[in-house]
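Guided by the hints, dock chain B onto chain A, whose structure is given.
These are the residues of each chain, in order.
2 protein chains.
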Amino acid sequence: MNVLIVHAHPEAKSFTAALASLARQTLQAQGHQVQTSDLYAMQWNPVASAADFSERENSDYLVYALEQRLAVKNSSLAVDIRQELDKLLWADLLILNFPLYWFSVPAMLKGWIDRVLVSGICYGGKRFYDQGGLSGKKALVSLTLGGREHMFGDGAIHGPLQDMLRPLLRGTLAYVGFEVLAPFVAWHVPYISDEARGEFLRRYAERLQHLDDEQPLEFPKLAQFDEALKPIADVSPSSP
Amino acid sequence: MNVLIVHAHPEAKSFTAALASLARQTLQAQGHQVQTSDLYAMQWNPVASAADFSERENSDYLVYALEQRLAVKNSSLAVDIRQELDKLLWADLLILNFPLYWFSVPAMLKGWIDRVLVSGICYGGKRFYDQGGLSGKKALVSLTLGGREHMFGDGAIHGPLQDMLRPLLRGTLAYVGFEVLAPFVAWHVPYISDEARGEFLRRYAERLQHLDDEQPLEFPKLAQFDEALKPIADVSPSSP
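Same order as they appear, the protein sequences are chains A and B.
Mapping of the first sequence onto this note's numbering: position 119 corresponds to residue 115, and the numbering continues sequentially without gaps.
Mapping of the second sequence onto this note's numbering: position 164 corresponds to residue 160, and the numbering continues sequentially without gaps.
Read the hints as simulated data drawn from the structure, not as lab findings.
Remember, it's a predicted structure, so these values are computed and weren't measured experimentally.
Hints should not be assumed to be uniformly reliable.
Which copy? The list can't say, so a pair holds if one copy fits it or any two copies do.
Claimed, not checked - Okay, derived cross-link-like pairs now, EDC-like style, lysine to aspartate or glutamate, Cα gap no bigger than 16 Å in a straight line: (1) Lys133 / Glu175; (2) Lys133 / Glu202; (3) Lys133 / Asp76; (4) Lys226 / Glu202; (5) Lys226 / Glu145; (6) Lys226 / Asp150; (7) Lys9 / Asp56; (8) Lys69 / Asp222; (9) Lys122 / Asp222; (10) Lys69 / Glu51; (11) Lys133 / Glu210; (12) Lys69 / Asp82.
Isolated chain A (complex conformation) (with noise of 0.2 Å):
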């Protein structure tokens, strides 16, 4: 299997970036190739603009998306995008892993997605969720947070977690096309002991060791709605 584990936390020695080191030895231990992307260490640009073009459809005016289908075609995407959609389609495993920035990613990974998930190749049309760009390919994230546990959940001050990180896990991830593993959440990290670090870069690898054998999370597939995108009553993803 080839994986790519895109990695955003400004502190290099930070627990977040254990994560990542631990992922990238254990999936290699298992005889998976792996690439990193230190989106920090790269100094990536997360900003999403007309310089990622070195030709355009519409140099007047710019609608990102419609650049982005004709800068696949042509071959002109910028080369530090170009490099990152080469490591996302070599990969049959991506693992987003990061420090949750207001409920969600940080605004450098997030310029990842901007950037680098580009219409054309990743999606486009009715190409989306499972008959998305990327679909055959597993998609992992892996976060830090400084909230407790009991803070999530049903009824829960903050609710679901999964709730908060809907726009990534089915906005972003399933609608490309991605089967989407249950989040790996390492709680109140900077509050907590060493050894309780340590029980979750523990059980992090024995997650990474039998991804295999777990289930992807539900999202809508496109045979559940018509042409227009409306639900198809019988099907609907509402009905029991």
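Below, chain B alone, put in the same frame as chain A:
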């Protein structure tokens, strides 16, 4: 009323930019003071990093939120952050104006959130949700997207738009204490007629003239939770 519009779109002539201009003009015509942070025009730096602090509590190991708290006390926050923070504290109403990228804000705007909503002022300890540091202020999200309205809602292919916006509306704006108004949404923007765009502008101006009459969205209140932030049974949000 003092109003801060934070606008992020890579095309200066975009319809999204027209929404920001309309908001400025409409609110000024009502006698309000308006400042606009046009993040692309400002070449805003969206990357949270050690460079955001001219002094460090721990120069060997970066815990971003902890350094924010110190930097607020010591006036050692980066100048670009301090300028935005001053505008934010001055404002009675914050408008976030952006195109929806991956069911979320563009990285440029995410980086404004990551860097400007500093711990120690905007939140900290038990100061969040209705007790957040920005309580008493209002926030409005104004967004454009490519999708059509029927793709969102219960049973629709993407589910309710507000569920996708949860980390922003609840996890960010409500978290720091804002009264969050219902988002203003311009659907299917790249594909519609000038007339249809004009209709969105007309509706937006109409809304902006009557924001005082609006009821904010409902979010958790700290009084519903105990000292450990566990729900108090009889006032839990999941009880009838």
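Tested hints:
For a Cα distance limit of 16 Å, the shortest separation of Lys133 from Glu175 inside one copy, 6 Å, qualifies, whereas the shortest one across copies, 41 Å, does not. For the homomeric pair Lys133 and Glu202, neither the shortest alpha-carbon distance inside one copy (21 Å) nor that between copies (46 Å) is at most 16 Å. Proximity of Lys133 and Asp76 under a CA criterion of 16 Å is satisfied in neither setting, with 22 Å inside one chain copy and 40 Å between copies. With identical chains, the CA atoms of Lys226 and Glu202 are never at most 16 Å apart, being 41 Å at best within one copy and 30 Å at best between copies.
Within a single copy, Lys226 and Glu145 get their C-alpha atoms only as close as 37 Å, which misses the 16 Å cut-off; across copies the closest is 11 Å, which meets it. Taking the closest pair of Cα atoms, Lys226 and Asp150 come within 16 Å of each other only across two copies (11 Å); inside a single copy the shortest separation is 29 Å, beyond that limit. In this assembly of identical chains, Lys9 and Asp56 lie within 16 Å of each other by CA distance solely across copies; the values are 9 Å between and 44 Å within a copy. For the identical chains of this complex, Lys69 and Asp222 are neighbours neither inside a copy (29 Å) nor across copies (57 Å), given an alpha-carbon limit of 16 Å.
In this assembly of identical chains, Lys122 and Asp222 lie within 16 Å of each other by CA distance solely inside one copy; the values are 11 Å within and 47 Å between copies. Taking the shortest alpha-carbon separations for Lys69 and Glu51, only the intra-copy value of 11 Å comes in at or below 16 Å, while the best inter-copy value is 48 Å. For a Cα distance limit of 16 Å, the shortest separation of Lys133 from Glu210 inside one copy, 14 Å, qualifies, whereas the shortest one across copies, 45 Å, does not. For the identical chains of this complex, Lys69 and Asp82 are intra-copy neighbours only, at 14 Å inside a copy versus 45 Å across copies, given an alpha-carbon limit of 16 Å.
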